[in-house]
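Asks: For the record, the sequence lines run as chains F and C. Under our numbering, the first residue of the first sequence is numbered 1, with each subsequent residue one higher. Under our numbering, the first residue of the second sequence is numbered 1, with each subsequent residue one higher.
Please note: incorrect hints may appear among the correct ones.
FRET-style restraints, in silico, Cβ to Cβ [stated by the list, open to error]:
| # | chain 1 | residue 1 | chain 2 | residue 2 | range |
| --- | --- | --- | --- | --- | --- |
| 1 | C | K195 | F | L138 | 22 to 32 Å |
| 2 | C | P158 | F | V130 | 24 to 34 Å |
| 3 | F | L144 | C | K188 | 54 to 64 Å |
Treat the hints as calculated values from the structure; they're not laboratory data. Treat the numbers as computed from the prediction; the structure is a model and nothing was measured. Ideal Cβ positions, reconstructed from N, Cα and C, are used throughout, including at glycine.
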Amino acid sequence: MDPLETKKGYQDYVDKKSPNSKILKNCFNAFWVGGLICTIGQVILNICKERGFDTQTSGTIVSILLIGISAFLTGLNLFNKIGKFAGAGSLIPITGFANSIVSPAMEYKSEGYVMGVGGKMFTVAGPVLVFGISASILVGIIFLIFNTQSVTLV
Amino acid sequence: MKKIGKQTIKFDTPPTILECSSIVGPKEAQGPLAKYFDQTLEDEFWGEKSWEKAESKIIKEATNMVIAKSGISSQDIDCVFAGDLLNQCISSSFGLREINIPFFGVFGACSTFVESLSLGAIATESFAKHVLCATSSHFCSAEKQFRFPLELGNQRPPSSQWTVTGSGAAILSKDGNGPYITHITPGKIVDMGIKDGNNMGAAMAPAFSDTLITHFTDTGRSPSYYDAIISGDLGHIGKDIAIDIAKSKGYNIKSNYNDCRSSYF
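Put together the whole structure using the sequences plus the hints.
Replies: See the structure below:
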């Protein structure tokens, strides 16, 4: 039988025929852009600490600044260009999360502020929130069961 | 009009494609086909507030243009077959609401235009003297509906395709001196189980090849009968696959076959 006539044979043929992503180049770009973003975060953190903030407050300031910068760059139509170049490098840090919320907000603005921006803002980030929050609740319950002695509920 | 072979319809009085028009967006205007379009746009919005409104305007202007070029009054057009990619065919139904011609909404995704022409041709064999066929698509509105927001910083795999921004319209006439639509072979749905939404060419190519080969067997013709065999939307990968599948069935289409998508950009 002709391999092109079975689903399996056709899939194998298509896999061979389709060009692959340039993994090495993509990984390299993701590595140095992701590293750069994290280094910027670290620099901000160190400056904050030097100015007398404690570690936790400094971390919050880093998050706020990186989210702010990423949202601003998304608005300028620049972040998608960075993302196209760096892939996971700009997607995985908190910058990618900010972009995933701002970009649908911009896209759906034409459908109004309530049903458009409000309703569609979390179409991309929604699954991350749902499963992130669900996982944290699950972990919390496990923690509660196995650590009853050391946990005070209030 | 009669059916020949398994799937093909042969027309007794083949309808003429009387006139056609096209309007495309800025990216298409930089492609190798640029000089063949009637009008090219400088930006994707064309003065509208949303991409959907822009797409409606594009199909509206394309149909107005073809009516003007044909010299036929819109009152003499018996019906319009039109469609697009968006939910409820909103681009064509909003775009054509002022045209005052009975409207058949058509959805065939990438095959919408040929489907419109096929149904239009059948209409000319029964009740209609003139039929308007049109379709539109818009890169931004299609990405918004089917994929991700444009500003999202994701990567497109090398096999992903680019939706054309533009509209094409044609008027079919019962009488005329050609070019004629002599046969149509509506295709079956052929699903070879491709799950990668970024490799549409590979998903669609088997159906194209199946329809093409059915057309050859139904009409008793060979690929060399044709000056050109053209598929709509397979892209570079899909085009190669279509050639390979046809070859495995004993048809050599390599010399006179081309794909619109692989020539657009």
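Asks: Look at each hint and say if it fits the structure.
Replies: Here is what the structure says about each hint:
1. C:K195 to F:L138: 22 to 32 Å: Because 30 Å falls inside the window, the suggested range holds.
2. C:P158 to F:V130: 24 to 34 Å: holds, 31 Å
3. F:L144 to C:K188: 54 to 64 Å: holds, 58 Å
Hint violations for this structure: none, all hints satisfied.
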